[in-house]
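Engineer: Here's the letter readout for the chains.
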Amino acid sequence: DQQVKQNSPSLSVQEGRISILNCDYTNSMFDYFLWYKKYPAEGPTFLISISSIKDKNEDGRFTVFLNKSAKHLSLHIVPSQPGDSAVYFCAASAGADSWGKLQFGAGTQVVVTP
Amino acid sequence: EAQVTQNPRYLITVTGKKLTVTCSQNMNHEYMSWYRQDPGLGLRQIYYSMNVEVTDKGDVPEGYKVSRKEKRNFPLILESPSPNQTSLYFCASSLSHGGGTEAFFGQGTRLTVV
Numbered sequence: 005d006q007q008v009k010q011n012s013p014s015l016s017v018q019e020g021r022i023s024i025l026n027c028d029y030t031n032s033m034f035d036y037f038l039w040y041k042k043y044p045a046e047g048p049t050f051l052i053s054i055s056s057i058k059d060k061n062e063d064g065r066f067t068v069f070l071n072k073s074a075k076h077l078s079l080h081i082v083p084s085q086p087g088d089s090a091v092y093f094c095a096a097s098a099g100a101d102s103w104g105k106l107q108f109g110a111g112t113q114v115v116v117t118p
Numbered sequence: 105e106a107q108v109t110q111n112p113r114y115l116i117t118v119t120g121k122k123l124t125v126t127c128s129q130n131m132n133h134e135y136m137s138w139y140r141q142d143p144g145l146g147l148r149q150i151y152y153s154m155n156v157e158v159t160d161k162g163d164v165p166e167g168y169k170v171s172r173k174e175k176r177n178f179p180l181i182l183e184s185p186s187p188n189q190t191s192l193y194f195c196a197s198s199l200s201h202g203g204g205t206e207a208f209f210g211q212g213t214r215l216t217v218v
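Chains as they are written, first to last, in this note's numbering: chain B, 5 to 118; chain R, 105 to 218.
Excised from the complex, chain B in its bound form:
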């Protein structure tokens, strides 16, 4: 059973507007959450992360929000740009001894239109 879920397989947004990607998880032991971005024919690349002791982390146009009580996190991209068109994966890990073991969601395909 998947412990990290991205229920929206795709998202279309206009250039300049906000993109909001959602992710839900079931394992209360998860203490780090990461977002990866993937272009076709390339491997995933790290985008942004957040520790469970925080509720927000910001890096330029990207902000991740964490709601622990709801076991929900979201990634906001503002403003969206054509180069943001990619698949975005939410990932989580549990504990200091997680040995780099990440649980991934199924991904959300973002298309930014002019």
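Please note that the accuracy of each hint is not assured.
Said to hold, decoys possible - Pairwise CB distance ranges (calculated):
#1 R/Asn130 x B/Pro86: 27 to 35 Å
#2 R/Val158 x B/Glu46: 26 to 34 Å
#3 R/Gln107 x B/Gly64: 19 to 27 Å
#4 R/Gly144 x B/Gly99: 45 to 53 Å
To be verified - Which chain R residues face chain B? A few, computed with CB under 10 Å, are given here:
#5 Pro112
#6 Leu147
#7 Pro165
#8 Gly167
#9 Asn177
#10 Ala196
#11 Thr205
#12 Glu206
#13 Ala207
#14 Phe208
#15 Phe209
#16 Gly210
#17 Gln211
Rather than coming from a laboratory, the hints here were simulated on the basis of the structure.
Computed from a prediction, not measured in an experiment: that's the story for all the values here.
Idealized CB from N, CA, C, for every residue including glycine.
Could you slot chain R onto chain B? The hints should help.
Structural biologist: Only chain R this time, still in chain B's reference frame:
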């Protein structure tokens, strides 16, 4: 340039014919992993390695073997491939095992077993 290199990028093989997918990283990372990506399932971990000669099973290890004889290399071995192993495979490495540690991914190997 820091990178994770996988070979081959594309491979078509027949059922039962042993194959090896190579993975090499030049960042002196201790931790390496193999993932497979399937539609609707995201990335699932196959095996991981904490250091030379130290490996362990991930979530979907059946039908795969790995070895870690050198720090930089982590090959994935399919002794007797079957069609259900048709997938997109990614190798990843990270500096430490901390929960928020960024993993660096290779470009992927598209495997088709007929």
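Engineer: Now tell me if each hint is right for this structure.
Structural biologist: Cross-check of the supplied hints:
no. : hint                           : result
1   : R/Asn130 x B/Pro86: 27 to 35 Å : holds (32 Å)
2   : R/Val158 x B/Glu46: 26 to 34 Å : holds (29 Å)
3   : R/Gln107 x B/Gly64: 19 to 27 Å : holds (24 Å)
4   : R/Gly144 x B/Gly99: 45 to 53 Å : violated (27 Å)
5   : Pro112                         : violated (14 Å)
6   : Leu147                         : holds (4 Å)
7   : Pro165                         : violated (12 Å)
8   : Gly167                         : violated (19 Å)
9   : Asn177                         : violated (17 Å)
10  : Ala196                         : holds (8 Å)
11  : Thr205                         : holds (6 Å)
12  : Glu206                         : holds (4 Å)
13  : Ala207                         : holds (6 Å)
14  : Phe208                         : holds (8 Å)
15  : Phe209                         : holds (3 Å)
16  : Gly210                         : holds (5 Å)
17  : Gln211                         : holds (5 Å)
In the structure shown, a violation is registered for the earlier hints numbered 4, 5, 7, 8, 9, in ascending order.
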